[in-house]
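Residues per chain are reported as follows:
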Amino acid sequence: MPANWTIDGVQEALASKQISAREVAADYYKRIEARNPELNAYLTLSQDRAFAQADRVDALVAAGKPLPPLAGVPIAIKDVISTRGVRTTCGSKILENYVPPYDATAVQRLEAAGAVILGKTNCDEFAMGSSNENSAYGPVRNPEAPDRVPGGSSGGSAAAVAAGLAVASLGTDTGGSIRQPGSFCGIPAMMPSYGRVSRYGLIAFASSLDRIGPFATNVRDVAAVLQVIAGRDVNDSTSTTAPVPDYRAEAQKPVKGLRIGIPKEYFGAGMDPDVRKKVEAGIEMFRKLGCELREIRMPHTDYAIAAYYIIATAEASSNLARYDGVRYGLRVEGDSLLSMYRKTRGAGFGAEVKRRIVLGTYVLSAGYYDAYYLKGQKVRSLIAQDFRDAFTKVDAMVTPTSPVPAFKLGERTNDPLQMYLADIYTVTGSLAGVPGISVPCGKICGKLAVGLQIFGPPFGEGRVLQLAQAFEQAGGAAL
Amino acid sequence: MKISREDVLRVADLAYLDLSESELETYRNQIDEILEYIGKLNELDTTNVEPMAQVLADDQTADATLREDVVVPCQVAPEILKQAPDPEPPYFRVPKVIER
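Chain order of the listed sequences is A and B. According to the numbering used here, the first sequence holds residues 16 to 494 in order. According to the numbering used here, the second sequence holds residues 171 to 270 in order.
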């Protein structure tokens, strides 16, 4: 068995009958059993569902029928994405025993494409966090450096793939929650354009920002997973009818002559000098690949964190109103309906979620709406305009994913503002709605992974994957 | 100081959120610091800037996303009620809200 399969590897091994889908799934559960007690990447395993699906794939092989694009590929799903009959906690005590009655569209599409859903991965509670330390079920450890965080909020999805406990996984990204853990764990991780992947069944944090996207061990596999989950869904009116191109074909196109913008504002103070060195070497690699580098300005970058934490918390305070102890999840009895609501929410939510509900309710409340929420939305317009202006001059943008590599567990938990500021390079693209990927760009001292981020224009996933794959093939991960 | 103890209490009340004394003080301090930071947005003149609430693709004008209102059978009620902390099929039961 290889240390970790690629999607092509699984497909070839199945088609040539070297191995069955059931054996592949069983192998992954063995790996999970060995490694998960230390990493805490998975919260719930779905063996029954996985083996039933593997058997369906094996029946197709036995009957000599054509195999769907992800046949037998073991995939992990972040625990904020609904899975019918499989517990979905959102990393929260308030949903400890919640079992969704339906599948998210992305999950349903993965299974229709033959994927084997291994289980649900740990994450910051309701995807609120940048280190996975806000999970009610304990932190995830970084597989490469177990005293450090895997990043967040999709830390379990990133760690599972990096440790070879899944071939690919789904995460969600609201302000960097796919790209930053991808960077910390040293694997490619993609946030598609807003509207590219249906959010139906994604348990909402901030609806105007939330996106589902893939992690994998290589860019070609990221493209293959995106291919399956992308596209219009009538159950999400914000999903677009724009055609879905062949992403694996797009990823193979030559990059020579593409214009890459390097925004000066992403290389300012607060950046770890070793991260800077790696990312500058990464940019040099694009020059060697024949890309044309252009310095560009993104003048409102410095305001993105402030605008983001107004908008995201405001939307969260509204979305999380549904956890009231009536229809599902935890209930703590009280002597009246209101006291039941208050006790349930007070006991069921963790510290970061409560902090964001308070902040979000405050910025929306009478007397503060204009000063904070409206102001935040106006600044969001300015940030989106920065991106529109940039994409009239360049085909893509290259930046660091995070100003720092994976930090130590517990190092930042007492200072929420410092934790928020670590999202500085990712939240801009979230606010603007554009696609972005983080690809491995070397390791500091051979251990701490650095991520290079590529932004493309709206629905320019093909372009982003094309540059990411060229970078990967040129040896970007070994810089 | 941007936010007072009374503000936090008022907001927690709006959000139906019980906070302990120590949470109240911790959040007040932390949110104060965050609001102080957010204040930097006032450096920007946004008088003539339209607020942006949502990212929409070209095909997603308000009308284009309206679908036919079709009735489809949905037989998940028993499954959904099973998730409730206090079900009384076909109802969700809550603490008494009206005094006789």
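A few of these clues could be false.
Stretch-level coverage of chain B by chain A, calculated; a stretch enters the list once three of its residues show a Cβ under 8 Å from a Cβ in chain A [unchecked claim]:
| id | segment |
| --- | --- |
| 1 | 172 to 186 |
| 2 | 238 to 244 |
Subject to a maximum C-alpha distance of 30 Å in a straight line, what follows is the list of computed DSBU-like cross-link-like pairs (lysine-lysine) [what the hints assert, rightly or not]:
| id | chain 1 | residue 1 | chain 2 | residue 2 |
| --- | --- | --- | --- | --- |
| 3 | B | Lys210 | A | Lys358 |
| 4 | B | Lys252 | A | Lys268 |
| 5 | A | Lys408 | B | Lys210 |
| 6 | A | Lys108 | A | Lys292 |
| 7 | A | Lys393 | B | Lys266 |
| 8 | B | Lys210 | A | Lys279 |
| 9 | A | Lys303 | A | Lys423 |
| 10 | A | Lys393 | B | Lys172 |
| 11 | A | Lys108 | B | Lys252 |
| 12 | A | Lys268 | B | Lys266 |
| 13 | B | Lys266 | B | Lys252 |
| 14 | A | Lys271 | A | Lys458 |
| 15 | A | Lys458 | A | Lys108 |
| 16 | A | Lys358 | A | Lys393 |
| 17 | A | Lys108 | B | Lys210 |
Ranges between beta-carbon positions, derived for each pair [what the hints assert, rightly or not]:
| id | chain 1 | residue 1 | chain 2 | residue 2 | range |
| --- | --- | --- | --- | --- | --- |
| 18 | A | Asn429 | B | Ser174 | 52 to 62 Å |
| 19 | B | Lys252 | A | Gly305 | 37 to 47 Å |
| 20 | B | Asp228 | A | Glu299 | 44 to 54 Å |
| 21 | A | Asp317 | B | Lys172 | 15 to 25 Å |
| 22 | B | Glu258 | A | Ala18 | 48 to 58 Å |
| 23 | B | Lys210 | A | Lys408 | 25 to 35 Å |
| 24 | B | Asn218 | A | Pro84 | 19 to 29 Å |
| 25 | A | Lys45 | B | Asn212 | 21 to 31 Å |
| 26 | B | Asn199 | A | Gly285 | 44 to 54 Å |
What the hints contain is simulated information worked out from the structure, not anything from laboratory work. Yeah, the Cβ is synthetic: ideal placement off N, Cα and C, and Gly gets one too.
Quick rundown of the hints versus the structure:
1. 172 to 186: holds (count 9)
2. 238 to 244: violated (count 0)
3. B/Lys210 - A/Lys358: Cα-Cα ~36 Å, so violated.
4. B/Lys252 - A/Lys268: This hinted pair is violated, its Cα atoms lying about 51 Å apart.
5. A/Lys408 - B/Lys210: Holds: A/Lys408 and B/Lys210 sit about 29 Å apart, inside 30 Å.
6. A/Lys108 - A/Lys292: Between A/Lys108 and A/Lys292 the Cα gap is close to 41 Å, so the pair fails against 30 Å, i.e. violated.
7. A/Lys393 - B/Lys266: violated, 44 Å
8. B/Lys210 - A/Lys279: holds, 20 Å
9. A/Lys303 - A/Lys423: Violated. A/Lys303 to A/Lys423 sits at ~35 Å, over the 30 Å cutoff.
10. A/Lys393 - B/Lys172: holds, 21 Å
11. A/Lys108 - B/Lys252: holds, 18 Å
12. A/Lys268 - B/Lys266: Violated: A/Lys268 and B/Lys266 sit about 65 Å apart, past 30 Å.
13. B/Lys266 - B/Lys252: It holds: about 21 Å lies between the C-alpha atoms, which stays within 30 Å.
14. A/Lys271 - A/Lys458: holds, 26 Å
15. A/Lys458 - A/Lys108: Roughly 36 Å separates the two Cα atoms, so the pair is violated.
16. A/Lys358 - A/Lys393: violated, 36 Å
17. A/Lys108 - B/Lys210: violated, 35 Å
18. A/Asn429 - B/Ser174: 52 to 62 Å: violated, 22 Å
19. B/Lys252 - A/Gly305: 37 to 47 Å: violated, 60 Å
20. B/Asp228 - A/Glu299: 44 to 54 Å: The hint (44 to 54 Å, Cβ to Cβ) is violated, given that B/Asp228 and A/Glu299 are roughly 36 Å apart.
21. A/Asp317 - B/Lys172: 15 to 25 Å: The hinted range 15 to 25 Å holds for A/Asp317 and B/Lys172, with Cβ atoms some 20 Å apart.
22. B/Glu258 - A/Ala18: 48 to 58 Å: Since B/Glu258 and A/Ala18 have Cβ atoms about 53 Å apart, the given range 48 to 58 Å holds.
23. B/Lys210 - A/Lys408: 25 to 35 Å: holds, 27 Å
24. B/Asn218 - A/Pro84: 19 to 29 Å: The hint (19 to 29 Å, Cβ to Cβ) is violated, given that B/Asn218 and A/Pro84 are roughly 48 Å apart.
25. A/Lys45 - B/Asn212: 21 to 31 Å: violated, 57 Å
26. B/Asn199 - A/Gly285: 44 to 54 Å: The hinted range 44 to 54 Å is violated for B/Asn199 and A/Gly285, with Cβ atoms some 23 Å apart.
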